[in-house]
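These protein sequence lines map, in sequence, to chains A and B.
Position one of the first sequence corresponds to residue 1 (my numbering), numbered consecutively onward.
Position one of the second sequence corresponds to residue 354 (my numbering), numbered consecutively onward.
Just so you know, the hints here were simulated from the structure itself, not pulled from any lab data.
Heads up, some of the hints might be wrong.
With a cut-off of at most 27 Å between alpha-carbon atoms, the simulated DSS-like pairs for lysine-lysine come out as follows [unchecked claim]:
no.: 1; chain 1: B; residue 1: K556; chain 2: A; residue 2: K201
no.: 2; chain 1: B; residue 1: K547; chain 2: A; residue 2: K201
no.: 3; chain 1: A; residue 1: K275; chain 2: A; residue 2: K233
Now the stretches of chain A that chain B is said to cover, found in silico as 3 or more residues with beta-carbon under 8 Å [unchecked claim]:
no.: 4; stretch: 21-33
no.: 5; stretch: 44-55
no.: 6; stretch: 59-69
no.: 7; stretch: 85-98
no.: 8; stretch: 191-204
no.: 9; stretch: 207-214
Predicted model only: the values in this text are computed from it and were never measured.
For glycine and all other residues, C-beta sits at the position ideal for the given N, C-alpha and C.
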Amino acid sequence: MAKMLMKGAEAIGEAGVRAGAQAYFAYPITPQTEVAEYLARRMPEAGGVFLQAESEVAASQMIFGAAAAGARVFTSSSSPGVSLMAEAISYLAGAQLPAVLINIMRGGPGLGGILPSQADYFQATKGGGHGDYHCLVLAPSTIQETVDLTFEAFRLADKYRNPVMLVGDGMIGQMMEPVDFEGREAPPRGDVSTWATNGCKGRDPHIVRSLFLDPLRLEANNHELQAKYDQMKREEVRFETYQVDDEPEVLMVAYGTTARIACTVVDDLRAAGRKVGLFRPITLYPFPEAELRALAQKPGVKQVLVVEMSMGQLIEDVERVTRAAKPISFFGRCGGIVPSPEEVLDAASKLFA
Amino acid sequence: MTLQTTFQRPESMRDTVTHYCPGCTHGVIHRLVAEVLDELGVRETTVGIGPVGCSVLIYNYFNCDFQEAAHGRAPAVATGVKRVRPDLTVFTYQGDGDLASIGMGEILHAANRGEKITTIFVNNAIYGMTGGQMAPTTLPDQVTSTSPLGRDVGQVGWPVRMAEVIAQLRTPAFVTRVSSHTPLHAVKAKAAIKRAFTLQQQKRCYSFVEVLSTCPTNWGKTPVEATKWLEQSMIPYYPLGVKKDVG
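Next comes chain B alone, as it looks inside the complex:
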């Protein structure tokens, strides 16, 4: 009998040990991006821009050139790369504290200028790396270490729906929200990521993929409970689907 390899590590990923917590879906999302880079054959002409947050060490997992940006500044850094090297594929990978809080200015302006880059926005409704603080995406009444009685929308406002915010801008080409918490959702997420990178290859302007993600550690849940919470609490507030596609 001949053994055939049917599943292996994408070339765009390194063979290394993960630092992500059990049940976190960053690893899944990394892999989906890496598979897309492989399938489009752009690994050797790609520059990724990392965030500050749980995925700050993203460059340890990707087998392509990477820059580590200051907190929230990845879209400005990516702008610098793409403007001087329009031939390269450039993407930012950012969490919700990085992108929707400290980096709100940079993301909106990069999107509105129509930078020919792709953003992978990982939304897990909490600050992970610093240990579970409230994010702009934290759900109403969600308990975090800095909203110990639950998010009070009367005091701190409602969670930001970033995909909808970006989709309001006239310039961006493709804005969508997907999830990563089940295999079926991961398959759909990959299709969205592939469309975003394909548009960039076609020199179409800005593409944005929001990916809902789990954080069992800081949500205080088991991985299985976290998956359920994402399904039952996050998706109703953050509806999945394409928000804008200029076709």
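In isolation and in its complexed conformation, chain A is listed as follows:
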């Protein structure tokens, strides 16, 4: 099949259908309402369920019910809506249910704005809801990668029986790019027969819950979850590097749309004879800890520059994992402002003393 020119939000919807999602529940919110608009037509065509919920609270709880009944399900929203889903995400993690959630981030806090942002990094990677849990978090930087990671998100949700969150920014949701669905197939479903609540004919009843009043049993559940997070750290870390083979004097770290801008800056500075490279985490959780640390510790690397559309969130993980191996600087724009290549180039240039 030829490439199609698609808006990011619509590409997410199509990827969900092709990845075998049986249901999509959501509530409209800019800048990703086009996912719902696309699926309102497309899901019924594909034999699936589309339902507009009364709120993000309800949409995410519908995801819980459908996932617990053994269906492959997803939802999408943007920052304030994802805050409302935090309750259900915690319950999904606690009850060990597979589901895919997409956050097309916009500026905050509060109602904030409707333009691109990466200010939900903490919320996505450190929890957002209550209790000891993590979503597996994927951060694409192109529409094609958004499509590919949407397929992956469903596979990983099943593999770990855990919520998987794909985070893009408003740019990813609204931008149009050519996408190719060729050769991309729905990942096989994980085995739901041992836990799904879909009628107990021929077996003992199944109970889906996150309530364990016995503290020893609850602690055991937390250890079960932690074992999955440890396995994710071993098996699911993804990242990309650009121009790092010669141990760049300045190593930039950025993800999503910001990483694309950083790529441009790397090219421009390289053309001017400056040794600069980029490290792009693709999994924000699990974070590519060892890989970034090893790179930052190379003798040729003198400075690290973290670029984000936030006041500085990713930088805390960079500081944590590089263990202050090298001085770390930050450049960020927020409020919905996408940094220009020129201002990032300025910030990087200053580090070449």
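Given chain A, work out where chain B should sit, using these hints.
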């Protein structure tokens, strides 16, 4: 002489020890639902959705698949189940704090969408599990731990009559209020519950059964006094009967 079994545990219930207080009618209501599941032959194709509150452990009593929902969210969770598995029988079992307070949004919208599910709404006019706080259903002047001088309707409004609220919506098929405090009322309650589940089997949209229930512990009464209080104080404010039946 041959002994015949004339009364036994429904297959839809488990053989276990109750955690409910003496005189509480949750156990009665559980049994009525279980008998109906047995009689309709749907135990193996049923998914129940539990609330947060005294009946949070409902899955320990029912011998069918169960999901434990977040506080008030059972109707949204049930929507998710039923939409992807319309072949299953799906019901929510919710108390008055769960359904009429924190879950008011979810219950109204599930009812208004006409989800093909059944709700058993247990109204005992108080928060039981957290120890007797005021609920949206707490009666005027009723003393609770968070209305120590009695519910002041000038400050917190009048108790919500949920069955009447739901019956105002155009979509639902069957809305009724019954009670559980005497054997005769329990028999009538069972008939209502059976009608609600039968309508669901016929793929008719939303059915809602409000069941008045006792809470001797948090009302500060003996079980017998609690039964009298339900009869004399609750029923006048919460009149029993069918509020809507599309036939």
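Verdict on chain B covering the stretch 21-33 of chain A, criterion of 3 CB contacts below 8 Å: holds (count 3)
Given hint K201/A paired with K556/B - CA-CA distance at most 27 Å: Holds, at about 21 Å.
Given coverage of the stretch 59-69 of chain A by chain B, tested with a Cβ cutoff of 8 Å and a minimum of 3 residues: holds (count 10)
Verdict on chain B covering the stretch 191-204 of chain A, where coverage means 3 or more residues with a C-beta closer than 8 Å: holds (count 6)
Within 8 Å of chain B's CB atoms, at least three CB atoms from the stretch 85-98 of chain A: coverage verdict: Check passed, 4 qualifying residues.
Given hint K201/A paired with K547/B - CA-CA distance at most 27 Å: 21 Å, holds
Given coverage of the stretch 207-214 of chain A by chain B, checked by CB-CB distance under 8 Å (3 or more): Answer holds; 5 residues pass the 8 Å Cβ test.
Coverage of the stretch 44-55 of chain A by chain B, judged on three or more residues with CB within 8 Å: As far as the stretch 44-55 of chain A goes, the hint holds, because 5 residues have Cβ atoms under 8 Å from chain B.
Hinted pair K275/A and K233/A, Cα distance within 27 Å: Given pair K275/A, K233/A is violated - Cα atoms ~31 Å apart, limit 27 Å.
Of the numbered hints stated above, the single one contradicted by the structure is hint 3.
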